Structures are given as structure tokens and as C-alpha cells.
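Colleague: Next come the chains, spelled out residue by residue.
2 protein chains.
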Amino acid sequence: MQKKVNWKDPKWKTGMRISLDYKNMMADSIGKGYGITLNELEKMAAKAKRADKALKKDWRERRVGFFDLPYQGENVSNIKSFANKVKTDCEAFVVLGIGGSALGPIALQTALNPPHYNLLTKKERNGCPRLFVADNIDPAGFEGILRVVDPEKTMFNVISKSGGTAETMSQFIIVRDMLKKRLGKNYKDHMVATTDPEKGILRKIATDEGLETFPIPANVGGRFSVFSSVGLLPAAVVGIDIEELLAGAAYMNELCMTGDLFQNPAYLNATLQFLADKKGKPMSVMMPYADSLKDIADWYRQLWAESLGKKVSLDGKIVHTGPTPIKALGATDQHSQLQLYIEGPFDKVVTLIGVKDFGAEAKIPKAYKEIGELGYLGGHTLKELIQAEMLASEMALTHNHRMNCTITLPEVNAFTVGQLLQMMMIQTAFAGGLYNIDPFDQPGVEHGKQYAYGMMGRKGFEGKKKEVDEYIKKAGSLKGYAV
Amino acid sequence: MQKKVNWKDPKWKTGMRISLDYKNMMADSIGKGYGITLNELEKMAAKAKRADKALKKDWRERRVGFFDLPYQGENVSNIKSFANKVKTDCEAFVVLGIGGSALGPIALQTALNPPHYNLLTKKERNGCPRLFVADNIDPAGFEGILRVVDPEKTMFNVISKSGGTAETMSQFIIVRDMLKKRLGKNYKDHMVATTDPEKGILRKIATDEGLETFPIPANVGGRFSVFSSVGLLPAAVVGIDIEELLAGAAYMNELCMTGDLFQNPAYLNATLQFLADKKGKPMSVMMPYADSLKDIADWYRQLWAESLGKKVSLDGKIVHTGPTPIKALGATDQHSQLQLYIEGPFDKVVTLIGVKDFGAEAKIPKAYKEIGELGYLGGHTLKELIQAEMLASEMALTHNHRMNCTITLPEVNAFTVGQLLQMMMIQTAFAGGLYNIDPFDQPGVEHGKQYAYGMMGRKGFEGKKKEVDEYIKKAGSLKGYAV
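The listed protein sequences correspond, in order, to chains A and B. In short: position in the first sequence from 1, add 46, done, that's my numbering. In short: position in the second sequence from 1, add 46, done, that's my numbering.
No wet-lab data here; the hints were simulated from the structure. It is possible that part of the hints are untrue.
In this list, chains with the same sequence are indistinguishable; a pair is considered to hold if it fits within one copy or across any two.
Dumping the calculated DSS-like pairs for lysine-lysine here, alpha-carbon to alpha-carbon at most 25 Å [as the list claims (entries may be wrong)]:
| # | residue 1 | residue 2 |
| --- | --- | --- |
| 1 | LYS324 | LYS99 |
| 2 | LYS373 | LYS327 |
| 3 | LYS231 | LYS250 |
| 4 | LYS327 | LYS93 |
| 5 | LYS327 | LYS363 |
| 6 | LYS520 | LYS510 |
Note that the coordinates shown come from a computational prediction; the quantities given were computed from them, not determined experimentally.
Starting from the given sequences, assemble the full structure and let the hints guide the process.
Modeller: Structure (C-alpha cells):
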């Protein structure tokens, strides 16, 4: 279990600093013709400076808000006192949210609470409720959540900045109706809305019906919202120290103040990933060697893909850009993906994430000493084994001239996780500048949404419905392509 | 919930046949220059015929065993009677396994049992035990499983064909020691080994110590083992109808008997994926629109990556081959990955998996009729919404000239899941022939393992330990590449 420490102690903070080792991205380590040269990296300095200036300007002028989230003051106290009320009243806390509204809460929960949290006793959960995140609209899946919670002892947290998210608002309508039928007008004591502070349908509904609310600042988009009320409220409810989390994010802000490419971990990692992509490695694998970090890889997958996957017009030419983030898990995926990473095409870069102190060792007792294939294991620990395997994978990748780098967390706690997530967000925002794209929009998904609106009979989308009908008609003429 | 049906009824079987719609892989649908032409596909016939012949020969001559798994007879009855004993005696069943030994059991459980299964009451679980799969060696993660089970009411299923898998055998040693301390020599009533029928260390240990065992046929490799005891024993324990599962696999065998490329769903899909890769789409996304199928995508990820990711010598030249499988989940990942899939580079092909009947609807009550952004939802169901969104994604991909195809399951039951998994295995084995590689080995991972053996002090790997020391020394000289 996590040791209690004082994240306000500067010495402890320095000891808890996360680090990036990128030697195996470089030709010096993995071989000429395979890696990046120091010269290539240095040549990026001018471009990096421009990207740095533009990003800091966006921050100063409040177009980009995630940098400011570590310093929320009053909202943090509001969240903490609401979370305490939930802890007293509720056995379960259910997030209704999709995309950034789900991935942030899930990543924090997996990282900072014990495994199989929902199976623990309330005492083992330090008196905190169970957590469920309804991040899909599979009817069996959604009904499956409602089956295992008692609505009268549950708080439902609907998260949508605009209030127009079809998936989340459908869930909201279902839950609201169910609660009203069981609890009458007390239904509103079981719902809390996280949404835009002023605009949008959900804000209006919450005001009209008297639901408790928490704000998502207007200049913070879904995938950059983990340190807004979106991530903080669920985290506080399940007992995560959200102040320590924000302190970690603030610390990363400090480390990333410099415009010097070689001193700034987020800028440096963005630049390395950018160069790798330009060198024919469009896939970026994130492979933590710790169960607790696996959903951070999933969170990052949205951040990197949705921010950088764009169609842009550059010098009058249409360009389709964006590396593909891939999540993996060590040591598990050594028995699934490593064969491909080591022997397959030179088309990916692997980021390993290591943990020094797991807060557990899992000692392997001495046994089968006479059997060569097993005897060597006794006396070691699972911690030693997973760390040896991580180094072994790093070596195998390097030996096979595969670009890889390593991020190390001294331990997995709210302070280091705060750093890691903030670093990824800064890295992504900065990478937008390197790719010459806007990392904060997502125009491509709008199109598909409109077809769905048309099919569901939403007013104003009759034209889209017509397109659907035409598509189905054309599909009929191509039905030979099926088996 | 799943309807009770008779999978022996030929009419029902035909109605439950899964289908592949590949029109959007074709230039006829997504546009000239973007898709595959009928001519290109037809030209593959000769190559396909050779691959078919080679594969069927491997089957006949018993080098490849997974085709025969649907017809196990006696082993199935043994598994069923052992599973019944476990159901009576145990509250939990814990798989100790990694790679194929974990992915198969997990995929079956997620597909065929209700969500949040471990949180249901024993009655809701039809009297079956909880299921845990220890598929990693994270010390906190492993101790986390041991914390939530009562060893005296738990059966531990150690799965390793050779018995030499370091991760699994370490877990085995830990659990065996713990059980011995608590139960003395009765420890063996709480362990069952799934391993090679004759060879290997685990077979020897099981024989010496009198553990119950189940066989993995010698000609069945880990990633093709889901229908051997590896997948069947855990499945039977949690109440899955393993005979229906095998009937589905057998049905797919029948459908794939033909060597005619255009009639054989597995061959056809392999060929389409192969051509897509050759056309500069090295990434293959599997995106089911059903929570229940998400771990099948993860299982497939091992199958496709480890089978096809290979370094081979062709005409005296070293070639690195292998597409990269990527798992996604609809509708969830529309809010994460779809932006990249639609606007990013033309470097991937997306396989959507749809379900016609979820066994649930999740009705959305009428509400907020006066609000345009929400009013249209009421009266529909979550099932309609997820299906509309899936078609919308298909259309958006197609409109943007992105190769995609759709697999449809009439419903998710043991018979359709049996078909789907068997189709994927045949497809993969056949693809090995198209790529001119051996889909059944994994030479690349051996290298990394040996470094780990060296670090853990295994005899015979002192040379590898020396390599590790040298690597660390060299790393010291490159420590400037860190921040």
C-alpha cells in the first residue's frame, strides 16, 4: 500500500520526479541508420522554439486551459466536501460518460487504488463507494451496471461538457427516469452533473431541476480534462488524494516551463516521437510494466490519436497526418506482441514505463532446486522478475535496432501520476505545433455523428437520413461481396 | 440473457451463421485507387490454392492440431465432470497463465457471461465460482488477487504447456507454498494443471505430486489453444456450454473446408487483410460494437501479431514482415480513435463486428421533447443507438475512402463465438502461407527471455548475464540522453 508522505516537502518531490531515458531512440545506441542522430535532434530546436512560443501564447491568452487546472483552489474544496457526503451516503458511484469523460476517471482509479477494488469490503476501500464507469451504450453492458448497484445508495455523475453527447445523455435519461420512479423528486439527490460552467443543455437541465454541478472550464477539451472536475470528482470519491495529484501536475508544469528542448521532458518526448514518425514509424506503443498503469496507456491513446490524427491543408495540399498510439502491457504482452515488435517491420517505437517501488514484492519461496528450469526462481521476488523482464525487453528491442525509450516512476502515487499525465498533455499540445495541426479539435468525428442523428430521427438531419438510405441501397447492389 | 436453444438443429445453425461483408474493402465501394479490385483478388487464387494445400497437409499429417479440437470427445466429459466438482467445492477459480493461456479463458468469459460477473451473487452466477486470471507478474497485482480469494475455497489452474514459463511457474510456486502452509498435503486438492500430455516439467511435477491434470495436445500451440483444455476448463467452470462452443468451431471448420477463396470466409478475410497490408495498410483494427466481444479483440491481437510478425529469409534477403493488430471498441472509441481512423493517414483497415440481438434493449424513456439536442432520443433504445452508430462509422470510413469490413453475429452465444474464434485461427494459419512464414513459431521472444534468465541467475545463462552487464555499462556512457 502507498506510504503516507508529504508532497509539500521539496526533497521528497525531487526524489519522486519521473524521468525519461531516450538513449535507445538514438543512433548512438541502436545503430546508424536506425535511430535519431544528435544532429537531427538539434536541428529541431528552431521548430521547437516556434511551437513553444505558440503554445505559451495560447496559454497566456486563455485559449488553452489545461495548464491552469493544477491551481483550482476553491473547486478542489467543493469537490472534496461533496465527495465526503457521497462517501457517507453511497455504496456506489457511477460515472455516465464517454471518451475523455470516462478515460480520465478510469485511468486514475486503476493507477491509484488497489486491484479488484470493487470486490473489496467497504473497510478495505477506506469507507469509499464502489466505482463504475458507464463508457458505452451496449444495452447488455449498461443494464449490467444497473443490476449490480442499488439506486437508492448510488450517486450518478453525468459528465458532458455540451450536454449533447448522445451516448451519455441517453444513459442520463434512462437513469433519471428510473430514479424518479423509485424516489420521486428526491431523484436529484442521486445525480450530479459535470458540465460547462455556463453554456449547454446539461447546464440548463441541472439549473432547472436543481442538480448539484461541477464545472469543466470552457477552454478545457474532453481529452485534456482529467484534472478538471471530470477526473477529480470520481477520484476524490474513491479516496484518491486529489491535492497530491494536482501538486504532481503543477510540478510537471514547472519542469516544462523551459523552452530548451533538451531540458523539457514533454517537448523532448514529443520531438522524438515526431522524428520517429517522420522516419517511417507511424506506430507508437506505450507499454507500462505495471498493472496499475495500463489504463493510463488507454487514456493516452485517446489523447495522442484524437489530437494529432488530422486532415490539414498545407501549402494548398491536403495532408493526412497522425501517428497511431497503441497500448500494451508488460510483462503480459511479451507473450503476445513482443514477437512482432522485435522481428516485424521497423514501423514502431516503444515507450516502456517502469516502476521502481511497487509497494509489494511477492516473494517466490525456494522450491524445485533440483530442476534447472525452475530452481533459479526461488529466493527471488515477482518484483525482481518483472523488472528483469522489462530490462530484457529493452535489450532485445535495442539489439534488434528498434527505437525505444523508458519513462521511470519512482513509485505509483498521486504525485507521480499527476506528473505523468500532465507531461503527456503538454507533450501532445506541443506536438500539435510540430505537426502544424490544431491538437484541440476533432472535426472528423462530426460527420459520423450526423449519420447517426439522421437514423435516430433528430430534426434537421433529414438530409443525412437520406444519405443513409442511399448508402443502404448501394450496399444492396454490392451484396455479392459477402460470405 | 441467452436464450436456450438447440445447436444440434440444422435450421437454427444456419440462422446462427456468422457472416463477413467485405464490400468496403473493394474499390467498387470506397473508390478507385483506395480499395482492392476484383481482379486483384482473383489473381490471388493460385497463391491461395497453394496455401490451402499446405495447410490441409499440415492438418492431415498432424503437425497442426487446432482443427481437431472441436472433436475431443472424452476430454470434454472429463472437463465437465471436474468442473462440476469445482462448482460444488469452490467459491473462486484462479487461472495462473500468460499469453494464450490467459487470453483464451478471458475472451470466453467476457463474451459469454454477464458483465461484472464477479460482483454477482452465487445464485446470479448459476452457482458457479468467481473467475480470476493472473496473467501478469506485477507483485501488487498478483497479491491483489490472493487478497480477494479464500484459498480454502479456491481452485488454482496452472496452465503452461512446457512448465518452463517463468511468470506462470513463479506464481505456481508462490501459491503452492501458501496452500501447503495452510492445508498441508491437501494442497493438491486445490490445484489443477493444464499442460503437455507427456512432456515437460509441469507434467512431471503433476505426476510426482498427484495433481489433477488436463492435456494440451502436443501439436497445439498457445495462441491456438482456446478450444483445448486451456480455454475449455475455465469456461466449463463458469458455466459456459463448452459443447455448444465446440459445435460452433466445428461448424466453421465445415464452412472452411472449401479451397475456393470466394466461398471460404477465413481464407477470404486473410487474403483481404494480406492485400491491404501490401497496399500500405500495416495496421489492422478490430472494433467490435459490443462490450462482450472486446476481449476477443485482445485474444486476436496475440494470434495475428505473434503468428505473422516474423523475420524471414526470402531469396537470400532478410525480410521483416507482419501487420499490427489493434483492438478498439465501439461505440466507446468513436470518442477516442475514430478521428484518427477517418482523417489520419491511409495506413489501416478496420474490421467492425456487429451483433444483431444483444438479448437486451435498454429503452430510452421519452423526455425533454422540447429540446432538439435530446428530444429525438426518447422512444428509442440503446440497442438502436449503438447499431445506428456502427452503421454511421462504417459510412464515415467508407465516405473517407478507408478500407473496412464487417463481421456480423446474429447473437453472442457459445455457438457464434465458437465460429468466430475458429474462423480467426484458420484465417491466421492460412495467412502464414500467404506471407511465406511459419505462423506457429515465435523465435523472436526467446532472445529476451534469455537475458531475463541471466539476470535471475539461471544456470547456463551466465553469458547472457555478461551481456546484460555490458549493456548497463554502455548505458552509463549514454546517460546524457535522459531528462
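Colleague: Does each hint hold? Answer for all of them.
Modeller: Here is what the structure says about each hint:
1. Taking identical chains as interchangeable, the C-alpha atoms of LYS324 and LYS99 lie at most 25 Å apart only when both belong to the same chain, with a minimum of 23 Å there against 41 Å between chains.
2. Taking the closest pair of Cα atoms, LYS373 and LYS327 come within 25 Å of each other both inside a single copy (15 Å) and across two copies (19 Å).
3. Taking the shortest Cα distances, LYS231 and LYS250 sit within 25 Å of each other inside one copy (18 Å), while across copies they are farther apart (67 Å).
4. Taking the closest pair of Cα atoms, LYS327 and LYS93 come within 25 Å of each other only inside a single copy of the chain (20 Å); across copies the shortest separation is 30 Å, beyond that limit.
5. Both within a single protomer and between protomers do LYS327 and LYS363 lie at most 25 Å apart by alpha-carbon distance, with minima of 22 Å and 22 Å respectively.
6. With identical chains, the CA atoms of LYS520 and LYS510 are at most 25 Å apart within one copy only, with a shortest distance of 15 Å there and 61 Å across copies.
Of the hints listed earlier, there is not a single one the structure fails to meet.
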